[in-house]
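> Assemble chain B onto chain A, guided by the hints.
Protein chains: 2
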Amino acid sequence: MDNHEHLLIRAAFKKPVERTPVWVMRQAGRYLSEYRAVREQAGDFLSLCMNPELAAEVSIQPLELMEVDAVIMFSDILTPLMGMGMELSFDPSPKFLNPIKSERDIEALKLVDPDVSTPYVGKILNIIRKEINNKVPVIGFAGGPFTLASYLVEGEGSKLFSKFIKMLFDSPQAAHALMSKLTQMTIQYLNYQIENGAQMVQLFDTWAGILPIDDYMEFVFPYVSQIFSELDKKSEVPSVYYINGGHQLLKAMSKTGATVVGLDWRYDIGIANQLIGKDVALQGNLNPNILFCRPEIIKKKTAEILSKMKGENGHIFNLGHGIDKNVNPEHLKCMIKAVKELSKR
Amino acid sequence: MDNHEHLLIRAAFKKPVERTPVWVMRQAGRYLSEYRAVREQAGDFLSLCMNPELAAEVSIQPLELMEVDAVIMFSDILTPLMGMGMELSFDPSPKFLNPIKSERDIEALKLVDPDVSTPYVGKILNIIRKEINNKVPVIGFAGGPFTLASYLVEGEGSKLFSKFIKMLFDSPQAAHALMSKLTQMTIQYLNYQIENGAQMVQLFDTWAGILPIDDYMEFVFPYVSQIFSELDKKSEVPSVYYINGGHQLLKAMSKTGATVVGLDWRYDIGIANQLIGKDVALQGNLNPNILFCRPEIIKKKTAEILSKMKGENGHIFNLGHGIDKNVNPEHLKCMIKAVKELSKR
Numbered sequence: 016m017d018n019h020e021h022l023l024i025r026a027a028f029k030k031p032v033e034r035t036p037v038w039v040m041r042q043a044g045r046y047l048s049e050y051r052a053v054r055e056q057a058g059d060f061l062s063l064c065m066n067p068e069l070a071a072e073v074s075i076q077p078l079e080l081m082e083v084d085a086v087i088m089f090s091d092i093l094t095p096l097m098g099m100g101m102e103l104s105f106d107p108s109p110k111f112l113n114p115i116k117s118e119r120d121i122e123a124l125k126l127v128d129p130d131v132s133t134p135y136v137g138k139i140l141n142i143i144r145k146e147i148n149n150k151v152p153v154i155g156f157a158g159g160p161f162t163l164a165s166y167l168v169e170g171e172g173s174k175l176f177s178k179f180i181k182m183l184f185d186s187p188q189a190a191h192a193l194m195s196k197l198t199q200m201t202i203q204y205l206n207y208q209i210e211n212g213a214q215m216v217q218l219f220d221t222w223a224g225i226l227p228i229d230d231y232m233e234f235v236f237p238y239v240s241q242i243f244s245e246l247d248k249k250s251e252v253p254s255v256y257y258i259n260g261g262h263q264l265l266k267a268m269s270k271t272g273a274t275v276v277g278l279d280w281r282y283d284i285g286i287a288n289q290l291i292g293k294d295v296a297l298q299g300n301l302n303p304n305i306l307f308c309r310p311e312i313i314k315k316k317t318a319e320i321l322s323k324m325k326g327e328n329g330h331i332f333n334l335g336h337g338i339d340k341n342v343n344p345e346h347l348k349c350m351i352k353a354v355k356e357l358s359k360r
Numbered sequence: 016m017d018n019h020e021h022l023l024i025r026a027a028f029k030k031p032v033e034r035t036p037v038w039v040m041r042q043a044g045r046y047l048s049e050y051r052a053v054r055e056q057a058g059d060f061l062s063l064c065m066n067p068e069l070a071a072e073v074s075i076q077p078l079e080l081m082e083v084d085a086v087i088m089f090s091d092i093l094t095p096l097m098g099m100g101m102e103l104s105f106d107p108s109p110k111f112l113n114p115i116k117s118e119r120d121i122e123a124l125k126l127v128d129p130d131v132s133t134p135y136v137g138k139i140l141n142i143i144r145k146e147i148n149n150k151v152p153v154i155g156f157a158g159g160p161f162t163l164a165s166y167l168v169e170g171e172g173s174k175l176f177s178k179f180i181k182m183l184f185d186s187p188q189a190a191h192a193l194m195s196k197l198t199q200m201t202i203q204y205l206n207y208q209i210e211n212g213a214q215m216v217q218l219f220d221t222w223a224g225i226l227p228i229d230d231y232m233e234f235v236f237p238y239v240s241q242i243f244s245e246l247d248k249k250s251e252v253p254s255v256y257y258i259n260g261g262h263q264l265l266k267a268m269s270k271t272g273a274t275v276v277g278l279d280w281r282y283d284i285g286i287a288n289q290l291i292g293k294d295v296a297l298q299g300n301l302n303p304n305i306l307f308c309r310p311e312i313i314k315k316k317t318a319e320i321l322s323k324m325k326g327e328n329g330h331i332f333n334l335g336h337g338i339d340k341n342v343n344p345e346h347l348k349c350m351i352k353a354v355k356e357l358s359k360r
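Keeping their order, the protein sequence lines are chains A and B.
In our numbering, each residue's number is its place in the first sequence (first place is 1) plus 15.
In our numbering, each residue's number is its place in the second sequence (first place is 1) plus 15.
Hints are computed from structural coordinates only; laboratory data are not their basis.
One thing to keep in mind: the hints can contain errors.
Which copy is meant is left open, because identical chains are indistinguishable; a pair holds if it fits in one copy or across any two.
[Said to hold, decoys possible] Straight-line distance between alpha carbons at most 27 Å, and here's what the computed DSS-like set of lysine-lysine pairs gives:
1. Lys249 - Lys340
2. Lys178 - Lys29
3. Lys325 - Lys340
4. Lys266 - Lys325
5. Lys150 - Lys110
6. Lys340 - Lys352
7. Lys174 - Lys266
8. Lys323 - Lys145
9. Lys359 - Lys196
10. Lys181 - Lys30
11. Lys125 - Lys270
12. Lys116 - Lys315
Since we're looking at a predicted model, the values are computed, not measured.
This is chain A alone, in the form it adopts within the complex (with noise of 0.2 Å):
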C-alpha cells in the first residue's frame, strides 16, 4: 500500500479526503486503564520507553481502543539525549542529573548513530508496522531542538527557563553550538525513525513559544528549518510541527518546510487557516479541558473547529495539547466519534 492511500497522509499533504482524520497527542497514556497496567508490568515510564515489545503494544492500544485514524510510537521526547550523554531520571518529572553549564559540556555531548544509542525506537517502530499491517499510518516524533535545549540547561522542566534565556544572550555562541548539535542529533534521530516505518513524523517544539518572534528567528527558526529540509523521504512522509502557546510564532511555522503546522488550543483555527492555509496543512485544536465536558458540549466544540475549516483539505483533527491523564475515555470517544460523522464530505 502506497503511503499516500492512507487518509492522515492524504489530509497532510491536503489532497482531498473523504473525511477528516483524527489522532491525540498522549494517546497512549494514562488515561487509558489498559496502558496503567501495561506500565506497571514495564515498572516505570522509561523502562516502559526502552522495552520495544510493551511500548508497542501501548502505542497500538488506542487504535483498537478509540479506532484512531494513526497510531504514534509510544516514547519521549528525552530520551535520544540519554545517548548524547546526559543522565536522565524521572521522578515523575524528568530530570538531568548532569544540565549543560558550559561550551564544554556542550562539546561533551556525543552524536551517535540512533540505533547505537536508541536501539529500541527503530524495534518499536518495527514492530508496530508489523503487528497493525498498515491498518494506519504510525507516527514517529522527536523534541525540537530549542524544547530540548531548554531542559538540557534547566536540568528539568520549568515555566520561564531562565537559565537558558540567560544563556541565548550571554553566550550566544554556545546557544547556537547547542543548537546546532541538537539540530545533528534530530535529523539522525528522525531519518532512522523514517528509515524503520514512521510514515509521518512531528517535532514537538513545544516551549518554543516562551519567545517573541526576533528570538524566535534568531535562535530557532534556522535549526527547525534545517531539520525539515534534511528529513528523507519528504515527498512520502510529511512532518508536522508543534508548538504551544506560540501564537506570535504562527507565519514563521508555517515557513520552516512542515508540511503540517500543529495549532494548540487557543488559536482560531479558521484564522490561522486564512493566514498560513495555503502553505500547510493544520492539525487541531481542540482545547484538551473540553474532554472534561458532557458528551453534547465535546460534540458542539468538535463541530465549531470542524466548521472554521469550512470542509477544505489539508485538516488533521487534534487536541491543542496531550490528553490529561484523568479524561475519562468514553469522552475521547465521543470527540473521535463526532469528527468522523461530522466531517464526512
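For chain B alone, kept in the frame of chain A given last:
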C-alpha cells in the same frame, strides 16, 4: 498638582512626554533584601498585605531604591475575595479552603463595601500618597474576573484550569453568574481605590490568555468592558489591562475600554503598536529573564524595545511579566537607567 502633570499619566493618555516612564510589575517584592526584611517583620505574606504601615513601606521601597516612575500599592489580587467569604491561605502558593463548586456557592459570595471588607487597602493608599507627596503617581490594581474565578473554582493556581473550563461549558449559567458577581466586586473595589488616592489602576487578567478568542468574547470581554466603563474619574485616572500569553486576544484587549494595554514579553511591541496603538497606549514588555543577563545585554534589549516604539507617545516601559525573586537589584537599576537615558526626546 494635577494628575495629568505626571509623566506616567501623560504616557497613559498618549500625551507628549520628555522620556518614556518606567515601572515594574512586582517591583515591591522578594528580589529586594529591604522587602524581605519587612516581610519577616510582618510575619507572612498575607499579614504583610493586611498591615497598612508595612505594606506602604514596601510599596515605597522601589521608588527610593530604583527610582521608578510609579509606586504600585503592595497587595495581592486574591485578598478582596476574603471579603466575599472565601478562606484564603498562602503556603506559599495561594489556596482557597472552600473552593466554588456549585451555583449555591456562587450565590453565597457576599458583596461587601470595600471599606468594610478590605479597609487596609484604603489605608495603604492613603499612607503612600501622604508619604511620597505626589512625587510619582500611585497605582492600584485588581485581578481580572476570569483570573479570580479560575482561582475560586480550582481552589488554587493551575496550568490549564480544567475545573473552571468544565464549568464554562457544562454550566455556562453558573460561570456567567460568577463572572458577573466578581465584576461587581471589582468595580466597587477599584473605585474604592480611586477614591482613596489611586492615580492609575491595573487589571491583572493573567490567566485569560488560556482562552481562544471566541470563548474570551463570550465569557470575559463583556465583564472586563463593564469594569472599565464603570470606573470613576476616567478622564484623570487611566486604566491598564494586562493578560499573560494572550497574543490571540490583542485586538479584543484594545477594545475593552482600558486606557493602556499591558503586553507580555512574547509580543513584538512594534507590531502591537501598529495593530492597536491608535486606540490605546502600550505598557511593556521586556522579557523578565533578560534581567538575569549581563548589563550590556539588558541595555541592548531595552534599547530594542524602545526603538520598536520609535519614540512615539503612549508607551510605559515595564517587564512583560512580574520580576523574578532571584534577580539582582543592580540589574533592574541598569534597565531603569537605560530606559531613562535612551528614551529622551
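> State for each hint whether it applies.
Evaluated hints:
| no. | hint | in the structure |
| --- | --- | --- |
| 1 | Lys249 - Lys340 | neither (34 Å within a copy, 47 Å between copies) |
| 2 | Lys178 - Lys29 | neither (40 Å within a copy, 36 Å between copies) |
| 3 | Lys325 - Lys340 | neither (31 Å within a copy, 48 Å between copies) |
| 4 | Lys266 - Lys325 | both (21 Å within a copy, 24 Å between copies) |
| 5 | Lys150 - Lys110 | neither (37 Å within a copy, 49 Å between copies) |
| 6 | Lys340 - Lys352 | within (20 Å within a copy, 48 Å between copies) |
| 7 | Lys174 - Lys266 | both (24 Å within a copy, 26 Å between copies) |
| 8 | Lys323 - Lys145 | neither (37 Å within a copy, 56 Å between copies) |
| 9 | Lys359 - Lys196 | neither (44 Å within a copy, 43 Å between copies) |
| 10 | Lys181 - Lys30 | neither (44 Å within a copy, 36 Å between copies) |
| 11 | Lys125 - Lys270 | neither (30 Å within a copy, 53 Å between copies) |
| 12 | Lys116 - Lys315 | between (49 Å within a copy, 24 Å between copies) |
When held up to the earlier numbered hints, the structure conflicts with 1, 2, 3, 5, 8, 9, 10, 11 and fits the remainder.
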